[in-house]
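Participant: Sequence:
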Amino acid sequence: EMPPSLARDLRRWATGTASWLRTSGARLVIACGPELWAELGELLPAELLYGGVERGQAADGARDGAPPCVHLGELYGPQAARARELYGVGAGETAPADAGHPLALRMLAEIHAAQGPATGGAHRDVHGWPTAVTGDAPPGRDDIFDAHLDLVALRIANRLARTAVGPACSARTLRRLAARTAGALHEAARRCLGQGQGALRRDDFDAVFPRRGGWADAVLAEGVMEAAGDEFRFADEEFGDWLQGRHLDVDAALDALVHGAGADARDGAPRHPVSAAVLPRHRVGVVVHALVLGARLDGTAALERRLRPLAEVALAGGESGAVWWARTLLRETLLRLPDARPCDGLLRGLAERIADGDADEGDACGGYGRERACADGPSYPDGFGPSFWRGLALPTAQRTGLLRLLLPADPPPSGPGGRREEERFLDVVADMLEAEPATVLPLLCGWFTDRRPLADRHRDGRESGDVCRLPRPTVASAAQALLYTHRRLALDTTLDLLTDACHPRADELLGDLAQEEPAALCRAVERWARQESALRQIAAAEYGPRMVARARTDDDRLRLERGAQALLRIPGDPSAYATAALAM
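Using this note's numbering, count along the sequence shown one by one with no gaps and you end on 657.
Calculated from the structure, these hints are not laboratory results.
Think of the CB as a built atom: it goes at the ideal place given N, C-alpha and C, for glycine as much as any other residue.
Mixed in with the good hints there might be a few duds.
Stated by the list, open to error - DEER-style ranges, computed between Cβ atoms:
id, residue 1, residue 2, range
1, 95, 519, 56 to 66 Å
2, 279, 146, 52 to 62 Å
3, 512, 146, 22 to 32 Å
4, 88, 561, 34 to 44 Å
5, 469, 86, 40 to 50 Å
6, 608, 585, 16 to 26 Å
7, 558, 95, 43 to 53 Å
8, 303, 85, 14 to 24 Å
9, 163, 85, 12 to 22 Å
10, 302, 504, 42 to 52 Å
11, 558, 460, 16 to 26 Å
Take these sequences, add in the hints, and give me the full structure.
Facilitator: Below, the structure is given as structure tokens:
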């Protein structure tokens, strides 16, 4: 646990630590949050960091250009399933967004253990009662933290009752003690917030949890709070941030941290104000939890009212403290929302401004993109790259629409033999296409009209020659490339959608697929000729004669013959498709 005196002079500590490590030949593991590491990692020599200089240049383990590290985040896939199995938590017993959150899983397992087995196979909710109505939404992180607060208050009350009353304590007395304990934990959170560092001084701890009566011993024995040097803090940092966030005057905090107006006094405001001088960056979680709680209590309209000014500051560029707070609060709050769909307008505006390179005038490279757009890297602000948009709680169609807006902000593809470390927005679209082709394929076919240009290294003067005369890539050509590359995911569906698109780019891609996938085109011709859609009948008459020379097997030729017969049976003028049918 780093004492505050060292935290105030990180440069001196980092210099001394690096000297000691070199002299002794020892290695040091530092466990901290990303906010502290972004500052501390820059102060340590690159050769001492995880992986050394080469890893530091690649920064595989870092996020958004931070110093290299091992990022310990939520669990996914088999790891999350294994954790749920070990904790005895079913796959559907948590909200999807928290199905791999280690702290939420651990707390939910403790709640289940305290409840005992559910009766009749009913779903267990976090308040200890079987859920009779099927289809109820499983608890999210906030619900689990709320239930955990009730549980630890009850456990502490049990300890206090055994000390003061003995085993014969009545249920009524126990409930009163639990309510008093919960109030004391809230008071501890308020005092942690007031000091800004997230810890209680010893005298404050003794005032809230007096030694007399066993309060201090009970709280420490249950592991709710723990000693940290000369202070006391909540043992689970995120739970402590969540509890403190319930008492934060979030509007005053935003004024002080981002908008620079100071913590204005508000008549009747019950929550604790905060100043930028008191709250360090690694305490950003408190403000995030307060914003998410505000969305639950006041609605998404109130949340959007608070987030829109943050977006303005986040995109203004620069490296000031206000910009850091705006970017971090905007990013983390949107990622924490269990459902980000109501924020579609805010997200679309953010995506459009990132793609347009919107910035303050006078910045030659464009505001937030100054550190990257002038180079060969991405032109989006730190923290709002592909991983951010991938992590939002959005349906696939809505996320795909946002990524379409963002494609112009992608860096140019690496040159021949080149290697690119960072993920691109196009990579996220490709992953979504592989995961849900039925949803993404029709959306990609709607991109053919999008002529916005993409980044191209040849146009920027980094390379020259005949290749500069190639057409500049656009969003539409990116859709073409994705459909061509991933055509085997649902080839027949892709052909049908291209036919329905009625666009020259769709026709161009169909021509390419006629050469690459002749068997699929022969199947499509037979299928289209039998359908009632005039558009597909016309497509069958157009592509059927082309496929005669490309048919490779007897099955292909038989399909073309059946397609010709189906065209001749179409009601109306028999001569309309006669020429095509005879050619087939």
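Participant: Quick one: are residue 303 and residue 85 within 14 to 24 Å, going by C-beta?
Facilitator: Given a distance of about 21 Å, which is inside 14 to 24 Å, the answer is holds.
Participant: Residue 302 and residue 504, beta-carbon distance inside 42 to 52 Å?
Facilitator: Since residue 302 and residue 504 have Cβ atoms about 45 Å apart, the given range 42 to 52 Å holds.
Participant: Per the hint of 56 to 66 Å, is the separation of the Cβ atoms of residue 95 and residue 519 within bounds?
Facilitator: 58 Å, holds
Participant: Given the hint of 12 to 22 Å, is the C-beta distance from residue 163 to residue 85 inside that range or not?
Facilitator: 50 Å, violated
Participant: Between residue 469 and residue 86, does the C-beta distance stay in 40 to 50 Å?
Facilitator: Because 46 Å falls inside the window, the suggested range holds.
Participant: Is the gap between the beta carbons of residue 558 and residue 95 within 43 to 53 Å?
Facilitator: Hint holds: Cβ distance 49 Å, inside 43 to 53 Å.
Participant: Kindly confirm whether 22 to 32 Å is satisfied by the beta carbon distance between residue 512 and residue 146.
Facilitator: Holds: the Cβ-Cβ distance is about 26 Å, inside 22 to 32 Å.
Participant: Evaluate the given range 52 to 62 Å for the C-beta pair formed by residue 279 and residue 146.
Facilitator: With a Cβ separation near 37 Å, residue 279 and residue 146 fall outside 52 to 62 Å, so the hint is violated.
Participant: Could one say that the CB atoms of residue 88 and residue 561 fall in the range 34 to 44 Å?
Facilitator: 56 Å, violated
Participant: Tell me if the beta carbons of residue 608 and residue 585 are separated by a distance inside 16 to 26 Å.
Facilitator: For residue 585 against residue 608, whose Cβ atoms are near 20 Å apart, the range 16 to 26 Å holds.
Participant: With 16 to 26 Å as the target window, see if residue 558 and residue 460 comply at their CB atoms.
Facilitator: 22 Å, holds
Hints 2, 4 and 9, counting from the list given before, are not met by this structure.
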